[in-house]
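Trainee: Take these sequences, add in the hints, and give me the full structure.
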Amino acid sequence: MSTREHILAAVRTALQDAPAVPDIPRTYRQDGNLNAEERIDVLVDRLEDYKAGVTVVDEAAIPATIQGLLAGARSYVVPAGLDPAWLAWETEPSRVKYDGGGHGARSVTELDATDAVVTSSAVTVAESGTIILDGSPDQGRRAISLIPDHHICVVHSRDITQILPEALRRLDGTRPLTMISGPSATSDIELERVEGVHGPRRLDVIITKQSGKLPAS
Amino acid sequence: MSRTALGMPGLRPGSGNLFAEEKFPSAARRELGNSQLRRNLKHATSTIRTKRLNVTGELPDWEELRDAGSALKTSVMARLPELLEAFEANVTARGGTVHWARDADEANRIIHELVKAEGVDEVVKVKSMATQEIGMNEYLEEHGIAAYETDLAELIVQLDHDKPSHILVPAIHKNRTEVRDIFLKEMPGVDPHLTDEPRRLAMAARAHLRAKFLTAKVAISGANFGIADSGTLSVVESEGNGRMCLTLPETLITVMGIEKLLPTFSDLEVFLQLLPRSSTGERMNPYTSLWTGVTEGDGPSTFHVILLDNGRTNALADEMGRSALHCIRCSACINVCPVYERTGGHAYGSTYPGPIGAILSPLMTGVEAEENGSLPYASSLCGACYDACPVKINIPDILVHLRGKDVDAHRGGLPSQLDVGLKAASWALSDGRRLGAVEKLLPLGRAAAGKDKKIKKLPGIAAGWTQSRDIPAPPSQSFRDWWAKEHKES
Ligand code: SF4
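Here the protein sequences line up with chains X and V, keeping their order. Each residue of the first sequence is one higher than the one before, counting from 1 in my numbering. Each residue of the second sequence is one higher than the one before, counting from 1 in my numbering.
Among the hints, erroneous ones may be present.
Listed next, the in silico DSBU-like pairs over lysine-lysine satisfying Cα-Cα at most 35 Å (straight line) [what the hints assert, rightly or not]:
(1) V/Lys42 to V/Lys163
(2) V/Lys212 to X/Lys51
(3) X/Lys51 to V/Lys392
(4) X/Lys51 to V/Lys51
(5) V/Lys51 to V/Lys23
(6) V/Lys42 to V/Lys23
(7) V/Lys116 to V/Lys163
(8) V/Lys392 to V/Lys51
(9) V/Lys163 to X/Lys51
(10) V/Lys212 to V/Lys163
(11) V/Lys212 to V/Lys185
(12) V/Lys23 to V/Lys163
(13) X/Lys51 to V/Lys185
(14) V/Lys42 to X/Lys51
(15) V/Lys51 to X/Lys209
(16) V/Lys163 to X/Lys97
(17) V/Lys217 to V/Lys163
(18) V/Lys51 to X/Lys97
(19) V/Lys116 to X/Lys51
(20) V/Lys185 to V/Lys23
(21) V/Lys42 to V/Lys392
(22) X/Lys209 to X/Lys97
To be clear, the hints were calculated from the coordinates, so they are not data collected in a lab.
Mentor: Shown next, in the form of structure tokens:
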């Protein structure tokens, strides 16, 4: 018998009393009750609580907001599928490092030497301040939003749900998913929270007020 | 082998770091001598308790989520063979390789082979209870492979050649000054002017580990959840060390207990609400990673998952105790436990301390193993753990059940004083008339107490109770007598 069969046989032996399979009481909230504006308010509150930077802007103001946040960055990485309009202001193309698509993958050493990263996002949960990336072309592979020390992330108001069950329904669970709730943090020393350990130490979230055209993808 | 296992061929008890090598009371007595430890623990557990109550209290459907979580886990245990097979098929279909390990040694040998095959002599590690349980770091070290802990608390413990004392904050027993001293002594290249400010200490760890993350070829992780119907795995963390390990190396090896499965992806909607709020007291932990097999162009190109039994089937065979396997390792029960708050985690010997450890360790190994039979007594049965548990494990009931098993295991030959005492109590308590007769003896106890109305020394096994405390003299009249008299008069 293989180890696998041994273990499966042991599990069956352990369950020889044939315990009943219960019904799952799903009486918890499946949907939120806040309107779009209220969801943004809750999200802003949560993000500020996590010490993330937050700006709420009209869709048209995304490029200028990104430009402002990148003012101090010597270089930044962007996923190949990011809406090019968001970077139309850039006058120093050498600052921009595209990753993925026809551009190939940047090495970890190169990413480590890059100051910032700009991505979009898949869906965001207001109640817990959780931004979810799913590796779509406007978000890129996981390494690019991890290694640079400053993450600028755009959240469209149409992608904000109030609670987690609504958000998970909109995701494909088999894609590589990263749920981000604030900058990396530790409370390992006397449970005192320190923001910024191994992940990006600075997280800036740009929330758009109204739905507009879909980002290029 | 445990009693349950004796009746069920094919089950083997867990091995590795699951044992109290010393009886709990004597280990606890030693730890109680450390007042710095007690101060650190009191501060930490009370902080985390307040945070947890704040964030669980703000959800209008917290109790409904607990009910769903509890039912989901019950259903997983009942359906385990089918879910394990589905999980295996889905991981394999997505380019991962599934291995099975019956005990600590088998798991360690598989990991060692996999690491050797990559031709490296060091690996980075995400904090994981399963690898702690099987003693993986020590095993790899004996075989010439260095496993670097990357979680800050695990790093502190590893640098100090110490053992974790809490499942969520393993260095909870150390204060900032102790951490600073460990870093100054053990961290290569550390700034000699390092202060004990937590921010400075965290930054020292960041600098120390950065190069390791960027160059590691192999990472080893645990998993918080495995999704049967998709083969998806999940790691819940705070610092980003998990993301580093799960994303950057070429090869990822995940060790997961067979009980960690959930039926479907959408079931995460329950557990990703229960876990962070119960454990760190946050609305959501900073980072949660989910991955399914191998994704081209994103993350490791080789993925192995090791499904670990190590006594879990032993626990599963115990009908009364199997719900201990519902545990999602949030540590809420540990943080509310008055016994843990005083003794700390080391007194339990096993990787799993606190109330959950007091049931899980003996269930996985059998109560006869080493001193694990003493663990179910490490509780006053106050019930705080049950109230705090997000998946509603009735820890006090299981503690009592295991005490019974422990008493049974020691039976044989002459009945002990405890047996005789318990028998006498059950004889008296089972019948009102008998109890009345026993209560007639109360004045006798009063006479034994003397003038200060305190009994200073009890005879026989009860002597332990009076070693450090006096017992007030029994009242001259029992409550039952008083009640009968009052009600006759009125
Ligand atoms: S037994 Fe319950 S409260 Fe304790 S760690 Fe496990 S899930 Fe958390």
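Trainee: Indicate, hint by hint, whether the structure satisfies it.
Mentor: Here is how each hint holds up against the structure:
1. A hinted pair counts as satisfied when its Cα atoms are at most 35 Å apart, and V/Lys42 with V/Lys163 qualifies at roughly 19 Å.
2. Using a Cα cut-off of 35 Å, the hinted pair V/Lys212 and X/Lys51 holds, with the two alpha carbons roughly 28 Å apart.
3. Under the criterion of a C-alpha separation no larger than 35 Å, the hint pairing X/Lys51 with V/Lys392 is consistent with the structure, at around 33 Å.
4. Between the alpha carbons of X/Lys51 and V/Lys51 the distance comes to roughly 17 Å, so the proposed pair stays at or under 35 Å and holds.
5. Using a Cα cut-off of 35 Å, the hinted pair V/Lys51 and V/Lys23 holds, with the two alpha carbons roughly 33 Å apart.
6. Only pairs whose Cα atoms come within 35 Å are accepted, and V/Lys42 paired with V/Lys23 is accepted, the gap being roughly 24 Å.
7. Under the criterion of a C-alpha separation no larger than 35 Å, the hint pairing V/Lys116 with V/Lys163 is consistent with the structure, at around 26 Å.
8. Straight-line distance between C-alpha atoms of V/Lys392 and V/Lys51 comes to about 19 Å, which keeps the hinted pair within the 35 Å bound.
9. With a C-alpha separation of about 33 Å, the suggested pair V/Lys163 and X/Lys51 falls inside the 35 Å cut-off, and the hint holds.
10. For a cut-off of 35 Å, the pair hint linking V/Lys212 to V/Lys163 stands: about 22 Å separates their Cα positions.
11. For the proposed pair V/Lys212 and V/Lys185, the alpha carbon gap of about 20 Å is at most 35 Å, so the pair holds.
12. Annotation: proposed proximity of V/Lys23 to V/Lys163 holds, straight-line Cα distance about 18 Å (limit 35 Å).
13. Annotation: proposed proximity of X/Lys51 to V/Lys185 holds, straight-line Cα distance about 33 Å (limit 35 Å).
14. A distance of roughly 27 Å separates the Cα atoms of V/Lys42 and X/Lys51; the hinted pair therefore holds under the 35 Å criterion.
15. A distance of roughly 32 Å separates the Cα atoms of V/Lys51 and X/Lys209; the hinted pair therefore holds under the 35 Å criterion.
16. Of the pairs offered as hints, the one joining V/Lys163 and X/Lys97 is violated, with about 44 Å between alpha carbons and a cut-off of 35 Å exceeded.
17. A C-alpha spacing of about 26 Å is found between V/Lys217 and V/Lys163, which places the hinted pair at or below 35 Å, so the restraint holds.
18. A hinted pair counts as satisfied when its Cα atoms are at most 35 Å apart, and V/Lys51 with X/Lys97 does not qualify at roughly 41 Å.
19. With a C-alpha separation of about 43 Å, the suggested pairing of V/Lys116 with X/Lys51 is violated against the 35 Å cut-off.
20. Restraint check for V/Lys185 and V/Lys23: the C-alpha separation of about 33 Å stays at or below 35 Å, so the hint holds.
21. Pair hint V/Lys42 plus V/Lys392 holds up; C-alpha atoms about 24 Å apart against a cutoff of 35 Å.
22. Between X/Lys209 and X/Lys97 the CA atoms are separated by roughly 28 Å; this keeps the pair inside 35 Å, and the hint holds.
Hints 16, 18, 19 from the earlier list are contradicted by this structure; the remaining hints agree with it.
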